[in-house]
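Going down the list, the protein sequences come from chains B and A. The opening position of the first sequence corresponds to residue 1 in full-length UniProt numbering, with each subsequent residue numbered one higher. The opening position of the second sequence corresponds to residue 1 in full-length UniProt numbering, with each subsequent residue numbered one higher.
Do not take every clue at face value.
[Stated by the list, open to error] Subject to a maximum C-alpha distance of 25 Å in a straight line, what follows is the list of computed DMTMM-like cross-link-like pairs (lysine to aspartate or glutamate):
#1 B:60 <-> B:22
#2 B:10 <-> A:109
#3 B:60 <-> A:121
#4 B:10 <-> A:127
#5 B:60 <-> A:97
[Said to hold, decoys possible] The following residues of chain A were derived to be distant from chain B, with all beta-carbon distances above 12 Å:
#6 62
#7 83
#8 98
#9 140
#10 149
No lab work stands behind these hints, which were simulated from the structure alone. These numbers come from a predicted model, not from an experiment. Glycine residues also receive a C-beta, built at the ideal position from the N, C-alpha and C atoms.
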Amino acid sequence: MPVSVEDLEKTLRSAIKVEYLEIVDESSGCGESYRILVVSDAFEGKGTLARHRFVNEILKDYISQMHAFSQKSLTVKQYQATLN
Amino acid sequence: MFRSLLRSTTSGSRSVLASHAALHPSSTLTSQLIAVRLLSTETRAAIQKAVDSSPMVVFMKGTPDQPQCGFSRAVVQIMELHGVIPEKVKTYNVLEDPELRNGIKEFSEWPTIPQVYVNGEFVGGCDIVLGLHQSGELEELLEKHEIIPKIPADAAPNPSS
Chain B
1 MPVSVEDLEK TLRSAIKVEY LEIVDESSGC GESYRILVVS DAFEGKGTLA RHRFVNEILK
61 DYISQMHAFS QKSLTVKQYQ ATLN
Chain A
1 MFRSLLRSTT SGSRSVLASH AALHPSSTLT SQLIAVRLLS TETRAAIQKA VDSSPMVVFM
61 KGTPDQPQCG FSRAVVQIME LHGVIPEKVK TYNVLEDPEL RNGIKEFSEW PTIPQVYVNG
121 EFVGGCDIVL GLHQSGELEE LLEKHEIIPK IPADAAPNPS S
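When you get a sec, could you build the whole thing from the sequences and use the hints?
Given below as structure tokens:
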């Protein structure tokens, strides 16, 4: 069963408070390769590797079904800085 | 060039886990299933030995000369860009070894390939390595562990005319 954008969004939002989320299916709709941007203050105080492991854990059942997965995990402040 | 100098497993050579598999032939289906699903002590020890064997160890799809995936290729390109010293790096092609491909994900508790280790410590996958490269932290890390030569303090930090 391919992973859907809704699966990922629902699971993330029920685990942490997500301020902003971008989920891109890079497999042209096949649900096999995703790139995500997660903006949440749940990441505050965590280093990059810890953030990635945190998200990997939340989505682990889905990631194990994908061919590829990449993420960017930012706090609200960090994300706002990228908009300027 | 640089890529062909990187030591890596190539078809025909034994991968990190090949010798382990030969020591423990599984006769029953159950034990074979268990062997596939759990990270055995022997496999863990073999991987631990591999990550400690070189200042930089990369588990990737394909080889530095012929990466088989965009993320693995990106990591190789970043390494080449920094001029990593080939003798300091060891790469393993997980596509050659299904046991390694699964085992390394359990060992690192990380779901994807490529995986980069420096000084025996897990650094991250492609996204993280790219991020460290962009922030300058990768250069620092590689210099610290002598994977790339240190630039002498009196050399100009930027190209000058």
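Structure-based check of all given hints:
{"no.": "1", "hint": "B:60 <-> B:22", "verdict": "18 Å, holds"}
{"no.": "2", "hint": "B:10 <-> A:109", "verdict": "23 Å, holds"}
{"no.": "3", "hint": "B:60 <-> A:121", "verdict": "22 Å, holds"}
{"no.": "4", "hint": "B:10 <-> A:127", "verdict": "23 Å, holds"}
{"no.": "5", "hint": "B:60 <-> A:97", "verdict": "23 Å, holds"}
{"no.": "6", "hint": "62", "verdict": "14 Å, holds"}
{"no.": "7", "hint": "83", "verdict": "24 Å, holds"}
{"no.": "8", "hint": "98", "verdict": "15 Å, holds"}
{"no.": "9", "hint": "140", "verdict": "14 Å, holds"}
{"no.": "10", "hint": "149", "verdict": "26 Å, holds"}
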